[in-house]
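If you read the protein sequences in the order shown, they are chains A, B, C, D, E, F, G and H.
Quick note: the first sequence uses this note's numbering, first residue 1, plus one each step.
Quick note: the second sequence uses this note's numbering, first residue 1, plus one each step.
Quick note: the third sequence uses this note's numbering, first residue 1, plus one each step.
Quick note: the fourth sequence uses this note's numbering, first residue 1, plus one each step.
Quick note: the fifth sequence uses this note's numbering, first residue 1, plus one each step.
Quick note: the sixth sequence uses this note's numbering, first residue 1, plus one each step.
Quick note: the seventh sequence uses this note's numbering, first residue 1, plus one each step.
Quick note: the eighth sequence uses this note's numbering, first residue 1, plus one each step.
Since the hints were derived computationally from the structure, they do not count as laboratory data.
On a predicted model such as this, the values are computed, not experimentally measured, just so you know.
Incorrect hints may appear among the rest.
[To be verified] No farther apart than 30 Å at their CA atoms in a straight line, the calculated lysine-lysine pairs in the DSS-like style are these:
1. D:Lys54 / C:Lys54
2. B:Lys54 / D:Lys54
3. A:Lys88 / A:Lys54
4. F:Lys88 / H:Lys88
5. G:Lys86 / E:Lys88
6. C:Lys54 / D:Lys88
7. H:Lys86 / F:Lys88
8. C:Lys86 / D:Lys88
9. H:Lys54 / F:Lys88
10. E:Lys86 / G:Lys88
11. A:Lys86 / B:Lys88
12. D:Lys54 / C:Lys88
13. A:Lys54 / F:Lys86
14. B:Lys88 / B:Lys54
15. B:Lys86 / A:Lys54
16. B:Lys86 / A:Lys86
17. H:Lys54 / F:Lys86
18. E:Lys54 / G:Lys54
19. E:Lys88 / G:Lys54
8 protein chains.
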Amino acid sequence: MGLNVYLSGEIHTDWRDRIIDGAQGLDVTFSGPVTDHAASDDCGVTILGGEQSKYWHDHKGAMLNAIRTRKGIGDADVVVVRFGDKYKQWNAAFDAGLATGLGKSLVVLQPEEHDHALKEVDAAALAVARTPEQVVDILRYVLTGTLPG
Amino acid sequence: MGLNVYLSGEIHTDWRDRIIDGAQGLDVTFSGPVTDHAASDDCGVTILGGEQSKYWHDHKGAMLNAIRTRKGIGDADVVVVRFGDKYKQWNAAFDAGLATGLGKSLVVLQPEEHDHALKEVDAAALAVARTPEQVVDILRYVLTGTLPG
Amino acid sequence: MGLNVYLSGEIHTDWRDRIIDGAQGLDVTFSGPVTDHAASDDCGVTILGGEQSKYWHDHKGAMLNAIRTRKGIGDADVVVVRFGDKYKQWNAAFDAGLATGLGKSLVVLQPEEHDHALKEVDAAALAVARTPEQVVDILRYVLTGTLPG
Amino acid sequence: MGLNVYLSGEIHTDWRDRIIDGAQGLDVTFSGPVTDHAASDDCGVTILGGEQSKYWHDHKGAMLNAIRTRKGIGDADVVVVRFGDKYKQWNAAFDAGLATGLGKSLVVLQPEEHDHALKEVDAAALAVARTPEQVVDILRYVLTGTLPG
Amino acid sequence: MGLNVYLSGEIHTDWRDRIIDGAQGLDVTFSGPVTDHAASDDCGVTILGGEQSKYWHDHKGAMLNAIRTRKGIGDADVVVVRFGDKYKQWNAAFDAGLATGLGKSLVVLQPEEHDHALKEVDAAALAVARTPEQVVDILRYVLTGTLPG
Amino acid sequence: MGLNVYLSGEIHTDWRDRIIDGAQGLDVTFSGPVTDHAASDDCGVTILGGEQSKYWHDHKGAMLNAIRTRKGIGDADVVVVRFGDKYKQWNAAFDAGLATGLGKSLVVLQPEEHDHALKEVDAAALAVARTPEQVVDILRYVLTGTLPG
Amino acid sequence: MGLNVYLSGEIHTDWRDRIIDGAQGLDVTFSGPVTDHAASDDCGVTILGGEQSKYWHDHKGAMLNAIRTRKGIGDADVVVVRFGDKYKQWNAAFDAGLATGLGKSLVVLQPEEHDHALKEVDAAALAVARTPEQVVDILRYVLTGTLPG
Amino acid sequence: MGLNVYLSGEIHTDWRDRIIDGAQGLDVTFSGPVTDHAASDDCGVTILGGEQSKYWHDHKGAMLNAIRTRKGIGDADVVVVRFGDKYKQWNAAFDAGLATGLGKSLVVLQPEEHDHALKEVDAAALAVARTPEQVVDILRYVLTGTLPG
Chain A
1 MGLNVYLSGE IHTDWRDRII DGAQGLDVTF SGPVTDHAAS DDCGVTILGG
51 EQSKYWHDHK GAMLNAIRTR KGIGDADVVV VRFGDKYKQW NAAFDAGLAT
101 GLGKSLVVLQ PEEHDHALKE VDAAALAVAR TPEQVVDILR YVLTGTLPG
Chain B
1 MGLNVYLSGE IHTDWRDRII DGAQGLDVTF SGPVTDHAAS DDCGVTILGG
51 EQSKYWHDHK GAMLNAIRTR KGIGDADVVV VRFGDKYKQW NAAFDAGLAT
101 GLGKSLVVLQ PEEHDHALKE VDAAALAVAR TPEQVVDILR YVLTGTLPG
Chain C
1 MGLNVYLSGE IHTDWRDRII DGAQGLDVTF SGPVTDHAAS DDCGVTILGG
51 EQSKYWHDHK GAMLNAIRTR KGIGDADVVV VRFGDKYKQW NAAFDAGLAT
101 GLGKSLVVLQ PEEHDHALKE VDAAALAVAR TPEQVVDILR YVLTGTLPG
Chain D
1 MGLNVYLSGE IHTDWRDRII DGAQGLDVTF SGPVTDHAAS DDCGVTILGG
51 EQSKYWHDHK GAMLNAIRTR KGIGDADVVV VRFGDKYKQW NAAFDAGLAT
101 GLGKSLVVLQ PEEHDHALKE VDAAALAVAR TPEQVVDILR YVLTGTLPG
Chain E
1 MGLNVYLSGE IHTDWRDRII DGAQGLDVTF SGPVTDHAAS DDCGVTILGG
51 EQSKYWHDHK GAMLNAIRTR KGIGDADVVV VRFGDKYKQW NAAFDAGLAT
101 GLGKSLVVLQ PEEHDHALKE VDAAALAVAR TPEQVVDILR YVLTGTLPG
Chain F
1 MGLNVYLSGE IHTDWRDRII DGAQGLDVTF SGPVTDHAAS DDCGVTILGG
51 EQSKYWHDHK GAMLNAIRTR KGIGDADVVV VRFGDKYKQW NAAFDAGLAT
101 GLGKSLVVLQ PEEHDHALKE VDAAALAVAR TPEQVVDILR YVLTGTLPG
Chain G
1 MGLNVYLSGE IHTDWRDRII DGAQGLDVTF SGPVTDHAAS DDCGVTILGG
51 EQSKYWHDHK GAMLNAIRTR KGIGDADVVV VRFGDKYKQW NAAFDAGLAT
101 GLGKSLVVLQ PEEHDHALKE VDAAALAVAR TPEQVVDILR YVLTGTLPG
Chain H
1 MGLNVYLSGE IHTDWRDRII DGAQGLDVTF SGPVTDHAAS DDCGVTILGG
51 EQSKYWHDHK GAMLNAIRTR KGIGDADVVV VRFGDKYKQW NAAFDAGLAT
101 GLGKSLVVLQ PEEHDHALKE VDAAALAVAR TPEQVVDILR YVLTGTLPG
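Chain A on its own, in the form it takes in the complex (with noise of 0.2 Å):
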């Protein structure tokens, strides 16, 4: 048995090293967003060109990223989606409604502060996760049955 993970949220961390590092040797295959803040905002005009108004600009860019996550969790078994400290991260939230309505194994990392906002993510999630370390365990155990420590 092997696991499609698609690691959804926030890109201003190292948290998905963390979960790559950690799972070496585990048969997991990782996918994810383009996380160069830059180039996702922009894929759109760049490649297909120019527009003057801030919402097509940004609406061309969001439908080729669509390309991409729709990919990823459309093969995904397990999804993790993390919420950080900062900005609205509905993006995060969209990802982890698709991957609940597509049927998927959801994995919520989240700051307890967030507990209270995020309970109706975490009510379709099997699992709550403090730190990347604990996806890593989580990952092992389902593939292995082998416990930390």
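On the provided structure of chain A, position chains B, C, D, E, F, G and H as indicated by the hints.
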């Protein structure tokens, strides 16, 4: 042709009433979440027994609310998701993702100031409206082909 | 919004009546298995002809009951599964799994003594209730937003 | 043609090993639950932090186990569910229902004494076996057309 | 609970009438193919224009009949397929396969002499009946829990 | 048995009226696109605000129209797509493909001169008609088994 | 692009070998039923124990064969169903219906004498061939765009 | 992450080659229709025997082509549909609709002059490109996050 419309998101202003009132005479059936904030937060422990931990207190409630949300969104033809000025509103973005995963027509109702933060959500939508009256106009047009004015 | 609710499981106490009575006035349509134990066991051979083997006797009946079960659960929004004090009740757990596979909202009604043995079933549920009255309270809340008391 | 086979149910005897050993040389990939009973019970709190309540202790673990179960059953062509002599085994019956809801071919492995109690489960199965060796014979026949002896 | 029942297969005896008459008073809605043999054969060319080739003559008709068959079977909860004494009846077996592929409850009505030839079809069925009256008894039992006699 | 029929395609002749009139007395519910050409083109900017770019002007309207199209086709049993003499009519062919992807029964109404250009579309259809009256005859036959004349 | 092709139906002539041989060098993976008639009839009782009743003898075997059939057809891109000169061949027509219900591309291989009796089956097919060599030509064309001769 | 990309539509220019060449080094598997126009038109009668009627000549070929189209689009993550300067190109628009009905990510490649006529198709797309090179840029960005220049 009639439409089932689920009204998701912000529960602190009168946007739902304005849409429901405006749509009188149209063949629309509305549903939405429980909008009594206290009931929504405490339903789990009130019905099923208290919890010492705030996390499980919230969790029991959110899972009961999920029964309603999934029925409403599952039966909907159109899901309208409203983002307001305050709070994290991750449940709104989650509902938008869930609606997308289930193949529903998505309409987002948002102030311009949130346009950039909502671009991934909007990329999944068939309309982005600024006022509840625009949502009514959309429903009227979809059902009757009539434009305002 | 109305709800189709399938009441699965234990057939020796009055729990179904207590839920149906308690839900009067709510927009709920109930269904469930044939609760006449003898009819349920013998329906196959009574209608389609006797079998020498007890196994096929049982099998013919169970397959007829499956026509009803799958229609009821297939049409349900909410599946309530009751575990009682006696018997193996594997059909109840099977129905809970079937409901989960079909994406239904699952509510389990169980005494505390079975909590450990039912933990995998409960992990798929949106509520674990202890009394039929709590199930009624859940249905009322989901439909009307009203809490007891 | 190869087969993915999920081996669900009883974890106290060597039935899985007997099937896996017997199927050597056949194009079968096996999966199944974590069979370390203590790890399976405690995985949630070990990884994600302790709970005062036994119910939530169990719940956190069962939800992690569900990630594995749903991946394994979701990918399976054939789900074999073993019922043994002891315990409630509601998780086994739940897996049989889940497999049925997902349209998997179901094989049940059970002693005759449980035939009556399992008749609804068996009514969803394509085979009811008495020994692990019979399950191996089924897999060999399905894959190669060869009968034993 | 009501049932949609599609009556497929042999069109030369009164078995449909006997089922429909027998089921009076039950909450059953019946559908089935066009049973006017000549109309069924010639509908395509009569409506859409003649064909020189017998093959395309038949094809145009069969495709129109498919509109009805797929609507009827697609909406059905239970598909009853009758095999009679004469003709190839491949359309009946095709409907049984289609019903199975769509997850419908299948009831086969057949004389004993066809048991061996129909074993693969029967393996997908929840009941094999010998008389139309047994089908009525099944529908009554499924809907009301009442056994004959 | 009743039928939901979506009438897609050309909006410049009276073919829809001829079908709807001809089908009076049959249990058919018709739906279709907004046939007011100007409203259909301008609905997006009229309701949601103007666009400088013609492309986005069109896009906003087409997305609103998609809400109606997908509801109508999604609920349809039969989708009739009419190709006329003029214009590109790519939306008609798109609807035919969408209907096919959703498993709907497709009827195409086309002049002979388009037969070669429409062969891929026709290959997905259960009937190719030349006149609206033939479509009425098909609906009557499917619902009642009655042939014209 | 490669194709999974399931070869269903008649097992008394060498048509499968002729297709498999003819397709050498093409990226096709073939599967099909067990073609050892005696094994196919007796597999159930040989593996799982004898039955006094001929009906259940057949039934146990047919259910084991169904594990193979549904895996093979479920994984297939193209299902070829061969109707020969003899026997009822209802299993072949059943497989054609099952393939249609699952959305597979259906190719029927039949002598002209059966054209009328098979018209409903053919109406669901994308090709009706007369010889195994034509099936090979179809597979080669679909995969490579190359026509014979 | 790799992508399956189906290249649908216009077969008279070198746009497919330009995309395939440009995407060298990316983890993309391309498929598409048979682009030999004569073979595509005549495949049906060449393999399965001639037809007197031009309509059925075309039909037999189009149905064989459908085997390839549905496999290719069914397996695709991204469907690129190219509209050129000439011909009706209804098959291209049909493929775009089919891709939408199957939930694929749609990219349209079209000259500006067709913008108005394609607005309904474009409303279902995640990108509208003007050149094959832009399609390559999209694929590279989706797979690697790298923008051109």
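Going down the list of hints, with the structure as the test:
Distance hint between lysine 54 (chain D) and lysine 54 (chain C) is unfulfilled; the C-alpha atoms sit about 42 Å from each other, more than 30 Å. A distance of roughly 16 Å separates the Cα atoms of lysine 54 (chain B) and lysine 54 (chain D); the hinted pair therefore holds under the 30 Å criterion. Annotation: proposed proximity of lysine 88 (chain A) to lysine 54 (chain A) holds, straight-line Cα distance about 18 Å (limit 30 Å). Our distance criterion of 30 Å between C-alpha atoms is met by lysine 88 (chain F) and lysine 88 (chain H), whose separation comes to about 7 Å.
At roughly 11 Å between alpha-carbon atoms, lysine 86 (chain G) and lysine 88 (chain E) fall within 30 Å of each other, so this suggested pair holds. Between lysine 54 (chain C) and lysine 88 (chain D) the CA atoms are separated by roughly 23 Å; this keeps the pair inside 30 Å, and the hint holds. Straight-line distance between C-alpha atoms of lysine 86 (chain H) and lysine 88 (chain F) comes to about 11 Å, which keeps the hinted pair within the 30 Å bound. Straight-line distance between C-alpha atoms of lysine 86 (chain C) and lysine 88 (chain D) comes to about 11 Å, which keeps the hinted pair within the 30 Å bound.
In summary, the hint linking lysine 54 (chain H) to lysine 88 (chain F) is supported, as the alpha carbons are separated by about 23 Å, within the 30 Å threshold. A threshold of 30 Å between alpha carbons decides the hint, and for lysine 86 (chain E) with lysine 88 (chain G) the separation of about 11 Å falls inside it, so the pair holds. Of the supplied pair hints, the one linking lysine 86 (chain A) and lysine 88 (chain B) holds, its CA atoms being roughly 11 Å apart against a limit of 30 Å. Taking the CA atoms of lysine 54 (chain D) and lysine 88 (chain C), the gap is near 23 Å; set against the 30 Å cutoff, the hint holds.
In summary, the hint linking lysine 54 (chain A) to lysine 86 (chain F) is not supported, as the alpha carbons are separated by about 37 Å, beyond the 30 Å threshold. Simply put, lysine 88 (chain B) and lysine 54 (chain B) have alpha-carbon atoms about 18 Å apart, close enough for the 30 Å limit, and the pair holds. Between the alpha carbons of lysine 86 (chain B) and lysine 54 (chain A) the distance comes to roughly 23 Å, so the proposed pair stays at or under 30 Å and holds. Note on lysine 86 (chain B) and lysine 86 (chain A): the hinted pairing holds, with a Cα-Cα distance of about 15 Å set against a maximum of 30 Å.
Restraint check for lysine 54 (chain H) and lysine 86 (chain F): the C-alpha separation of about 23 Å stays at or below 30 Å, so the hint holds. For the suggested pair lysine 54 (chain E) and lysine 54 (chain G), the alpha carbons sit about 42 Å apart, so the restraint of at most 30 Å is broken. Taking the CA atoms of lysine 88 (chain E) and lysine 54 (chain G), the gap is about 23 Å. The hint holds against a cut of 30 Å.
Against the hints set out earlier in the document, violations occur for numbers 1, 13, 18.
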